[in-house]
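Asks: As a plain string of letters, each chain reads:
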Amino acid sequence: MFRVPFLVAIALAIAFGGGIWSTRLALDATIGFGAIKLGSWEAFPEAQTADADPYAKSHRANAGKLLYATAEGLSFTATTDDSGARLSGSCTYQLTGQTPTARFWTLFATGPDGRPPAADADLPSSLNSRMVGRQPDGSLDITIASRARPGNWLASPQQGQFRLTLTLLDTPAAGSSGLIDLSMPAIRRIGCGNV
Amino acid sequence: MSRLFNFLSLRRDFLWLKILFAIFTGLVGAALLHLIIVFSLPQFSQRDAYTRIIAEGESHRFYRLGEQPDLAGLSKEDPMMEMSVCSFDISETPVRLTAPNIGVPFWSLGVFDASSDEIFSINDRTSADHVLDVVVGTPAQLAALRKSLPRGFSQTVLVEAQQTEGYAVLRSFVTHKSVVPVISRFLEQATCAPFQWRTRVQF
Chain A
1 MFRVPFLVAI ALAIAFGGGI WSTRLALDAT IGFGAIKLGS WEAFPEAQTA
51 DADPYAKSHR ANAGKLLYAT AEGLSFTATT DDSGARLSGS CTYQLTGQTP
101 TARFWTLFAT GPDGRPPAAD ADLPSSLNSR MVGRQPDGSL DITIASRARP
151 GNWLASPQQG QFRLTLTLLD TPAAGSSGLI DLSMPAIRRI GCGNV
Chain B
1 MSRLFNFLSL RRDFLWLKIL FAIFTGLVGA ALLHLIIVFS LPQFSQRDAY
51 TRIIAEGESH RFYRLGEQPD LAGLSKEDPM MEMSVCSFDI SETPVRLTAP
101 NIGVPFWSLG VFDASSDEIF SINDRTSADH VLDVVVGTPA QLAALRKSLP
151 RGFSQTVLVE AQQTEGYAVL RSFVTHKSVV PVISRFLEQA TCAPFQWRTR
201 VQF
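So the sequence lines, in the order shown, correspond to chains A and B.
The opening position of the first sequence corresponds to residue 1 in full-length UniProt numbering, with each subsequent residue numbered one higher.
The opening position of the second sequence corresponds to residue 1 in full-length UniProt numbering, with each subsequent residue numbered one higher.
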């Protein structure tokens, strides 16, 4: 007797539930297509342009972030280390290698709440290219840990997963369409717990 | 008895077919709805950057962003970048964005239209004498401006915008705490005012 309404209800529930759920998932999970991926680093050089794909436009309309324009810079984010494991506050990581050509760069870790650290934080929760000491060949060697480390130390959140953001300021990489050979620093896990 | 059982199972088969069909219809509907939301969200979103910048207050002035999200939901997204935002409407007069060269290590400006698409961007190295001086206008306004370019405009960058509404984001890089006062002064002195249209009567 209630078969037809029942069937209609199934169809509508799946359509609305599935449609809304899949859209939320898609907009949360990705900033769109057109990412350049270098190791575990990911950047979207076209996300702020009119050429961005519909997912990128929808994501930026929903997130309301102020994106870097082409002459300003390019933001790379990493949520995993080079082996593909999620970055965790209880582990220690080593960031080594070169950044693409840029006048300056900034590096900071974002906790699970997604808020960047405070500029006047007690711990060095953000670094920039003027602050860090270099290797003799000019490459980077930064230790990312929640406890103090000798050398270049970036304080990560005490626990939970975190995300690294490396922003290159005034960089030719922002206009990159994959033609320039870019390389980003490697993120290697040294160990977890009290190491 | 067995005939009755056959009849029941047949009916049940039909029911399953119908349920399958309903699920299939639902999935097609879900895919359609997904596409509709993704494509139309930029048009009706109330959380996009332009709506938030308008909510900062009146247009044609720069608003400095803090570390905590303000009432409009905007905040600095990098602890080492100080930033100001300004919304503008060039339907009547162009907007002129200026900031002096007082020795900040780095500044950059991004100009976006109301749908958050980049129109123009510049930084201190790509500008003349590290001075920010940009006029954003419609093609017609800029054609009229070029025809009688006032004195002191030789270094000004003229930017054509197809849309009449948009916003500008001015960033400056804090290399060290010691440059914060200079950067604050730089951002306070930055202007985002309607362009003063001086007619030829003056000459």
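Misleading hints may appear alongside valid ones.
Chain B side only, calculated, beta carbon under 8 Å to chain A, not exhaustive [to be verified]:
{"hint": "1", "residue": "16"}
{"hint": "2", "residue": "26"}
{"hint": "3", "residue": "30"}
{"hint": "4", "residue": "33"}
{"hint": "5", "residue": "34"}
{"hint": "6", "residue": "38"}
{"hint": "7", "residue": "108"}
{"hint": "8", "residue": "126"}
{"hint": "9", "residue": "129"}
{"hint": "10", "residue": "133"}
{"hint": "11", "residue": "151"}
{"hint": "12", "residue": "153"}
{"hint": "13", "residue": "156"}
{"hint": "14", "residue": "176"}
{"hint": "15", "residue": "178"}
Treat the hints as calculated values from the structure; they're not laboratory data.
Note that this is a predicted model, so its numbers are computed, not measured.
Beta carbons are placed, not taken as given, at the ideal position from N, Cα and C, and that holds for glycine.
Asks: Next step is simple, just say for each hint if it's right about the structure.
Replies: Status of the hints after comparison with the structure:
1. 16: This interface hint is violated because 11 Å lies over the 8 Å limit.
2. 26: Hint holds; residue 26 of chain B Cβ to chain A Cβ min 3 Å, cut 8 Å.
3. 30: holds (3 Å)
4. 33: Holds. Min distance 3 Å.
5. 34: holds (5 Å)
6. 38: Given a least distance of 5 Å, the restraint on residue 38 of chain B holds.
7. 108: holds (4 Å)
8. 126: holds (6 Å)
9. 129: violated (17 Å)
10. 133: It is violated, given that the least Cβ distance between residue 133 of chain B and chain A is near 15 Å, above 8 Å.
11. 151: With Cβ-Cβ at 28 Å, over 8 Å, it is violated.
12. 153: Violated. Min distance 21 Å.
13. 156: violated (17 Å)
14. 176: Constraint on residue 176 of chain B satisfied, holds at 7 Å.
15. 178: violated (11 Å)
In this structure, the hints that do not hold are numbers 1, 9, 10, 11, 12, 13 and 15, in rising order.
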